[in-house]
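Same order as they appear, the protein sequences are chains A and B.
In terms of numbering that gives the first Met the number 0, the first sequence has 276 at position 277, counting the first letter as 1, and numbering is strictly consecutive.
In terms of numbering that gives the first Met the number 0, the second sequence has 188 at position 189, counting the first letter as 1, and numbering is strictly consecutive.
None of these hints come from the bench; they were simulated from the model.
Bear in mind that the values here come from a model prediction, so they are computed numbers and not experimental data.
Please note: incorrect hints may appear among the correct ones.
Note that the list lumps identical chains together, so a pair holds whenever it fits in one copy or between two copies.
In silico SDA-like cross-links for lysine to any residue, where the CA-CA straight-line distance does not exceed 20 Å [stated by the list, open to error]:
#1 K30 with K505
#2 K382 with T365
#3 K339 with N351
#4 K246 with P258
#5 K484 with S120
#6 K11 with E201
#7 K30 with V322
#8 K339 with E389
#9 K229 with N253
#10 K315 with P275
#11 K134 with Q433
#12 K505 with Q386
#13 K229 with V257
Protein chains: 2
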Amino acid sequence: MAITGAQFIGTKRSAEGTTSFQGINPVNNEKLIVEFKVATTAELEQAAQLAEEAFSAYSRTSAEDRARFLDQIADEILDLGDELLERCHQETALPLGRLTGERGRTMGQLKLFAQVLREGSWVDARIDLAMPERKPFPRADVRHMLRPLGPVAVFGASNFPLAFSVAGGDTASALAAGCPVVVKGHPAHPGTSELVASAIIEAAKKTGMPEGVFSLLQGAGHELGGNLVKHPLITAVGFTGSFRGGKALFDLANQREVPIPVYAEMGSTNPVFILPGALKERANIAEGLASSLTLGVGQFCTNPGIVLMEKGEASKSFMDRLVSAVESIEAGTMLTAGIKNAFERGIGNLINTGVGKVASGPAASTANAVQAQVFQTNYSALKNSPQLAEEVFGPSSVIVEAEAREEILDAARELEGHLTATVHATEEDLQNYQDLFAILERKVGRIIINGFPTGVEVCNAMVHGGPYPATTAPGTTSVGTNAIKRFARPVCYQDFPQSLLPAALKDNNPEDIWRLVNGAWTNEGI
Amino acid sequence: MAITGAQFIGTKRSAEGTTSFQGINPVNNEKLIVEFKVATTAELEQAAQLAEEAFSAYSRTSAEDRARFLDQIADEILDLGDELLERCHQETALPLGRLTGERGRTMGQLKLFAQVLREGSWVDARIDLAMPERKPFPRADVRHMLRPLGPVAVFGASNFPLAFSVAGGDTASALAAGCPVVVKGHPAHPGTSELVASAIIEAAKKTGMPEGVFSLLQGAGHELGGNLVKHPLITAVGFTGSFRGGKALFDLANQREVPIPVYAEMGSTNPVFILPGALKERANIAEGLASSLTLGVGQFCTNPGIVLMEKGEASKSFMDRLVSAVESIEAGTMLTAGIKNAFERGIGNLINTGVGKVASGPAASTANAVQAQVFQTNYSALKNSPQLAEEVFGPSSVIVEAEAREEILDAARELEGHLTATVHATEEDLQNYQDLFAILERKVGRIIINGFPTGVEVCNAMVHGGPYPATTAPGTTSVGTNAIKRFARPVCYQDFPQSLLPAALKDNNPEDIWRLVNGAWTNEGI
């Protein structure tokens, strides 16, 4: 597959732009071949119009048709073979092994949403049958299900160039819901984006999806993305990235004549609490933490950036082991020079607040490579400098020692919204710190006991979300099957004849789904 | 029960304010006894703090405890007896019969949410069991359920002084979800608000709910409500009222340091389509429409404000019958002088756009009474003056004649978001106008066939919502059992021991609810 540098406006390649940009190999800062055109306003207009035209047919495809489309996308991505992995490796410096795993996860997500469609109950079908004899007024026949919103804009993330990008979780869940998707590709991996887009387009053709069900617009800078969010035909936005980027899109979306939802996952510091018993008895938490905080060169949304524990003998020996573990972890190349510079600024800010550095990995010698860094401070310093709890995107963590249990709880109370919180605890710790969980439940989307926050399972029960500023939509998740509901809204059908009802709501339950009929869940027909 | 004019800050009466206002009888514009203090900033602060303090206990009450609380509120409202109905009648001019029915609906809503809690499956419990042997990585035990957001601000609506006010659907669903509620009472019925608040407080005491689970703040003007939405401890807002009011709160909420969701139901024009066969064969649609558009003096969110039909012999005789029906409907007193003035301005604007008035009810002679009004125009005028499709709150409707089927469809395509759309159709019409339904599905929350939009059933399948500008949250409903989900967010528990899991997620399923276990819906334990 030749990479062309053009947009996909539906199935058509388009390269009308007069400005362009190139992918850059972060290992040596050299430009990679192919100039990518920045999409023009006219191309954005065409993509949005095509998506809108596609909606009427696509929103009425059967669940099985959309499931086949998603399965086919997964197959086409696999068919891109090593070319995809190698281009992605060149653009991101992520190791081929990791990218092979991430490709599997991307395909797995698509196939999981295909399963969700085939099972079918996600539409929240509800039927309240008519009661013509009810006094004082008869009850009408009222039926309810989720229907797709309309064209969705998806912003690819830099840190998961496959699983959170062009065919990532946002695209998979929006397409599953019945929404056409216009992706704004991330400029850090434009060749990867084009290859994956070609797989989606190929799948759309092979499975007979309407023209315009998918488009890819490429660009560097903020203008294209802003214009996409402001486009009147766009009805929702999926985004994974920085707080600054997500908040800017959220504000633009709310200022539209017709505001639209923005599902922005903006990362977090993912606090880790190591309770006294665990700190004393489980020395290998130190090595686990060192691995978690350096995974993917620390470029995970769920990277553990702050660790809280009670000060004492046990914390001292924990620190010794953590220092030794971190000092043996080799430097890694970050995704872009911009991300590396931001990491160094973040580290500089930490040092300026006066926290002590206690460990660094081996020095880095190549472009954009960074060492892991661990800092240590105490609870009163954290209290005086709440910015210590802010995310530094990359392989760093701040260890905070508290004088007592109450300081640990206070630190938890003062947290803003995060994606995750992790608690290492013995049985006894769990008894002694029950109130910690009540606090954390309000602060995060996912609480992990005796594990690490990195590694987000794609499953039915996952919540990859959390209170603001972790996301702009705390009621939702961007990973796992519930992500599909972000792109649908309820519609109620009153006194419809059987022939006009969507299949999910017909009396005989032809899709064999679970429905709430007169207040009772059943998968039987009426 | 004596009405005192004080706030309820939790169970305590508080009257610190230095300014006050009175209820007004709209029939004669006379002030009703009792001066109501405008709540001060300090009182707002106390109510919010108490709500936050109540949250930790209230959010952990059992579903059965909250169900008993809701049932008790219903009983206490009934125990207020005729005093409530009479005060409400004085403040709103709504007939006692209507208010008796509305009281029943209010109690029914509370009891329905109690049932939802006892059934319990609303929490969307999901369990993906651990797979310790999975390769390349084991899967953790991951469990998911909805948990309450935190203190909720509710704004009472003027047009349903019981069912959408202090103990209305927003309060009932927020309390059911486990959220303390701070109500800003509507200044058009302050005595009603205080009486209903006293019922809630009484129920909270009798069922042992934590202090601060409910507060009522009274006030005229916008400052108090704005400050309530801006208060950092408030986590979500329920509102029913005007577009201007809802949009202002939505903007304030998005500009907070931590933005919060605003569930504003802002009314709509509720288009009615009378298709050719029905227009010809079912002459009594005219009388039905006249009744629907004048129900409650037109002060329903679902009032049918615009009617579309093809021009011809049948539309002519329909108009004749409609005119005659409307001319026999007596004038009714609107809720407030402000609402009456706004209605007259709206009617004036319609006349200024050049549409012809074809019918008025008998002239009104008392203060704030208005006649029903019907206007007639054609599709090209509507196209040139889209403001004809905007809501005029009150008993008026604009009948739009179209030249052909395609004009009807174009009119549907040009609609903005509405709560409802209604279609009168024969079997043959339904065949001929299938594409109309595909259009309407994107425009409204509820589509009604051969009925009228007024009369919103409180049931599991109801959607009282719709795309902006009908609401600020198109993915939700403010009526029906799904309204509870607005006040909750998903939390994920990874590798929790059984003892620490919420009951809904324990292996043995002690609450006997429906759960998604490893991808299959079941009400069995594990």
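As a check of your reading, is K382 near T365 (CA-CA no more than 20 Å) within one copy, between copies, both or neither? Neither. Shortest intra-copy (37 Å) and inter-copy (64 Å) distances fail the 20 Å Cα cut-off.
Is the C-alpha distance from K315 to P275 at most 20 Å within one copy, between copies, in both cases, or in neither? For K315 and P275, only the intra-copy Cα distance (12 Å) is at most 20 Å; the inter-copy one is 83 Å.
For K11 vs E201, is the C-alpha pair at or below 20 Å within one copy, between two copies, both, or neither? Only inside one copy: K11 and E201 sit 11 Å apart there, 67 Å across copies, limit 20 Å.
Quick one: K30 to K505, C-alpha cut-off 20 Å, is that within a copy, between copies, both, or neither? Neither way: K30 and K505 sit 57 Å apart in one copy and 54 Å across, limit 20 Å.
Can you tell me if K134 and Q433 fall within 20 Å by alpha carbon in one copy, between copies, both or neither? The answer is neither: 51 Å in one copy and 33 Å across copies each exceed 20 Å.
Give the relationship of K229 and N253 under a CA distance limit of 20 Å: within one copy only, between copies only, both, or neither. For K229 and N253, the Cα distance is within 20 Å both inside one copy (10 Å) and across copies (17 Å).
Homomeric proximity label, K484 with S120: Cα distance no greater than 20 Å: both (12 Å within a copy, 17 Å between copies)
How do K30 and V322 come out at 20 Å by Cα distance, when the copy is not named: within, between, both, or neither? Result: close neither inside a copy nor across copies, 37 Å intra and 75 Å inter.
Between K505 and Q386, at a C-alpha cutoff of 20 Å, which is it: within one copy, between copies, both, or neither? neither (55 Å within a copy, 38 Å between copies)
Treating 20 Å as the Cα threshold, decide for K229 and V257: within, between, both or neither. within (9 Å within a copy, 22 Å between copies)
Pop the pair K339 and E389 into one bin, within, between, both or neither, using alpha-carbon distances up to 20 Å. within (17 Å within a copy, 53 Å between copies)
My question is about K339 and N351: at a cut-off of 20 Å on alpha-carbon distance, are they close within one copy, between copies, both, or neither? within (18 Å within a copy, 63 Å between copies)
Going down the numbered hints, you'll see the structure goes against 1, 2, 7, 11, 12, while the others check out.
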